[in-house]
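2 protein chains.
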Amino acid sequence: MALVVQKYGGSSVQDADRIKKVAERIVRTHKEGNDVVVVCSAMGDTTDELLDLADQVSPAPPPRELDMLLTAGERMSNALVAMAIHSLGVQARSFTGSQAGMVTTSKHGDARIVQVNPQRLRDALDEGAIVLVAGFQGVSQDSKDVTTLGRGGSDTTAVALAAALEADVCEIYSDVDGIYTADPRIVPDAQRRETITYEEMLEMAACGAKILHLRAVEYARRYNVPLRVRSSYNDKPGSLVTGSIEEIPVEKAILTGVAHDRSEAKITVTDVPDTPGMAARIFRTVADAEINIDMVLQNVGRTSANRTDITFTLPRSDGPRAVAALSAAQPEIGFGEVLHDAEVGKVSLVGAGMRSHPGVTATFCEALSNAGINIETMNTSEIRISVLCRPDQVDTAVSALHAAFELGGAEQAVVHAGTGR
Amino acid sequence: MALVVQKYGGSSVQDADRIKKVAERIVRTHKEGNDVVVVCSAMGDTTDELLDLADQVSPAPPPRELDMLLTAGERMSNALVAMAIHSLGVQARSFTGSQAGMVTTSKHGDARIVQVNPQRLRDALDEGAIVLVAGFQGVSQDSKDVTTLGRGGSDTTAVALAAALEADVCEIYSDVDGIYTADPRIVPDAQRRETITYEEMLEMAACGAKILHLRAVEYARRYNVPLRVRSSYNDKPGSLVTGSIEEIPVEKAILTGVAHDRSEAKITVTDVPDTPGMAARIFRTVADAEINIDMVLQNVGRTSANRTDITFTLPRSDGPRAVAALSAAQPEIGFGEVLHDAEVGKVSLVGAGMRSHPGVTATFCEALSNAGINIETMNTSEIRISVLCRPDQVDTAVSALHAAFELGGAEQAVVHAGTGR
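Line by line, the protein sequences are chains P and Z.
Following the UniProt record's numbering, the numbering of the first sequence begins with 1 at its first residue and continues without gaps.
Following the UniProt record's numbering, the numbering of the second sequence begins with 1 at its first residue and continues without gaps.
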């Protein structure tokens, strides 16, 4: 008997009809002889509506109370799905994060999972029930207060349960058919990948692919939980995230796809004294303002004055605050100025295949050049090449790279497999 | 330093504006030097909306899951009020029933409070915080599942907390100014009672006065918790429920008021064999159908055949089920027939004063007769006279009794104090 964990996102449970469809799928999985554990996000826009309600009564709600409020959303959706399963004749029981043994740190709004004690869930499964667990929440190990897990919280809940229960697979359901070689809305002949390694998925997620949260992928990688990304609207197999790039024979390695991100801004701190500790002080300044940095670029010192520029990207909405924090620290650190580029586009090619194919970088740059796109910054990892360009050039860049590396398939973006070079 | 418990009903917290007004009142109470514990119902129609959502996904939701769903409502309202208090500069922390130590029986949808362990609340109060507790909910002592408390659950939560914390008063807020000698919408010169004993309030609640639940009043009586019924829309002192009729000097006893109830139906089981055990079997039949009986009347056997009629009232919606259950049992019990009066009006005069005034019953009947109202049944307790009449005669009956006993005041129904005879 296999144990399957399934996670359904907000749009999959957005109303009574979707909830009933989801319940049917869950019961089908159960009838195939599996133990089933389900994690649901809040219905549709519930979380945003609750945030709006909070905003109406208080400009700066205490984080503890915000967590108390927001967790109502997942509580409701999981109870409703349990009811729908019950009306199909199968026992189902929903649990809060706390009841499911999700122990977390105390940081409200951004708690991290510290431990999972799934005994109560095991008991329910042993009684033959389908188990539902409210995603995005846990209980603080210190205060016993309810916490929410921050971004990617529901995906992470599902993966953490899969790990703790030693599930055979963790299926993440949304309204997309799987992981594609590029966003099908930009590149109509993008193909669905059958399998992707954890490292490639990490890069894709870090580069803007919104289908899985970085955090959940990393958790899955660490505990070796196979992740299947599927649509709750059809029965297609989706994409399986499993295995390491180390396990792929070099000749078989391919390119996973092209990811893009339009949500960032770029900041360049100019003329930073090229001495030890300067970069640290710049990043500490930004960190103290509770801003998360994405990509960092520092090139060698340019001038005889031993100065260098440091560039980093960050969420667009954090741009002004980062500028303010750095400007305030300028007299003390002693850099030149803070250049703020409020909107940038980031385009990335990801794949284990590039390790064994030295021409990839050249092909990459040629494709962008031929498409008339200026590369503003570039940085790479073992399996990724990322560039920044103007946001309005992103679509063109994605299409150009996708075509240059022949990632497209003969059919429209619902075709199985394919190769890349 | 006094400890005040305040309960706010659904309409008092129905939207962001009302929530902010309630927060202001709470903070005012706190600034007067009191420890404050607040219990809020769900916002406005939330509970009904959740029930509707449940109905859409399942015709007969499992009670455990229904409790999981419904408790989201109180969770949200108390977190929002805590946020609003915080934005006024005062620390506030909300707790679920479970976190507040509300231990209950296991009966989902109708759990009873078994024990209250308020230590976590005490700690928060000692830190100077205002404490909020989600009403209408607790945690099962057996399964550790979340339970809801059934009718009057939020009032009962507030009273139970007041008892456990030895509060100086428990204030129940709604949109009415207090307890009146009659419904002011029927009797414009009805007066607000300054004080009422527990026993009189119990009778008023049992007879249809909707302002406090019977259950909460009984809990308050048992633990001697003073209850103050007030409006959340103004600063009037409302009515205080405290003390026993035993404590009132006989000459000072007055009549509390006239209550009415239009929500009931009446069933008469005719020609019941007048032998021991018959009544028990009839009521066991109705009880097994999970129907609550209100008022029971059995008069002496009328005929030489040693038969009698048994009449009882019950919630209107339960009428058909009771008829079905009794009809099914008729062959076995052997009564005549089941007469079902789908709509009745109940009018009651309540007050300790009637114990010392023998003419009350006569005046009562005369007043109704003069108003052209036929008394269909009558029964009494030490401090109550109740009759059944046609529903469309209820208003006339209430007005006639109110006038006959001179319960009205010189001013309109917002006047303080007054006397009755």
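By construction, these hints were calculated from the structure, which means they are not laboratory data.
Do not rely on the hints blindly, as some may be mistaken.
[Said to hold, decoys possible] Dumping the calculated DSBU-like pairs for lysine-lysine here, alpha-carbon to alpha-carbon at most 35 Å:
hint	chain 1	residue 1	chain 2	residue 2
1	P	LYS144	Z	LYS31
2	P	LYS107	Z	LYS210
3	Z	LYS31	Z	LYS21
4	Z	LYS236	P	LYS107
5	P	LYS236	P	LYS20
6	P	LYS20	Z	LYS31
7	Z	LYS252	Z	LYS236
8	P	LYS144	Z	LYS144
9	Z	LYS144	Z	LYS210
10	P	LYS144	Z	LYS252
Now for the hints, and whether the structure bears them out:
For the hint linking LYS144/P to LYS31/Z, the alpha-carbon distance of about 29 Å falls within 35 Å, and the restraint holds. In summary, the hint linking LYS107/P to LYS210/Z is not supported, as the alpha carbons are separated by about 44 Å, beyond the 35 Å threshold. About 15 Å separates the Cα atoms of LYS31/Z and LYS21/Z, which keeps this hinted pair within 35 Å; it holds. For the given pair, LYS236/Z sits about 43 Å from LYS107/P by alpha-carbon distance, which is inconsistent with the 35 Å threshold.
A distance of roughly 19 Å separates the Cα atoms of LYS236/P and LYS20/P; the hinted pair therefore holds under the 35 Å criterion. The suggested pairing of LYS20/P with LYS31/Z is violated, with an alpha-carbon distance near 50 Å, which exceeds 35 Å. Distance hint between LYS252/Z and LYS236/Z is fulfilled; the C-alpha atoms sit about 25 Å from each other, no more than 35 Å. The straight-line distance between the Cα atoms of LYS144/P and LYS144/Z is roughly 15 Å, inside the 35 Å bound, and the hint therefore holds.
Of the pairs offered as hints, the one joining LYS144/Z and LYS210/Z holds, with about 32 Å between alpha carbons and a cut-off of 35 Å not exceeded. For the suggested pair LYS144/P and LYS252/Z, the alpha carbons sit about 53 Å apart, so the restraint of at most 35 Å is broken.
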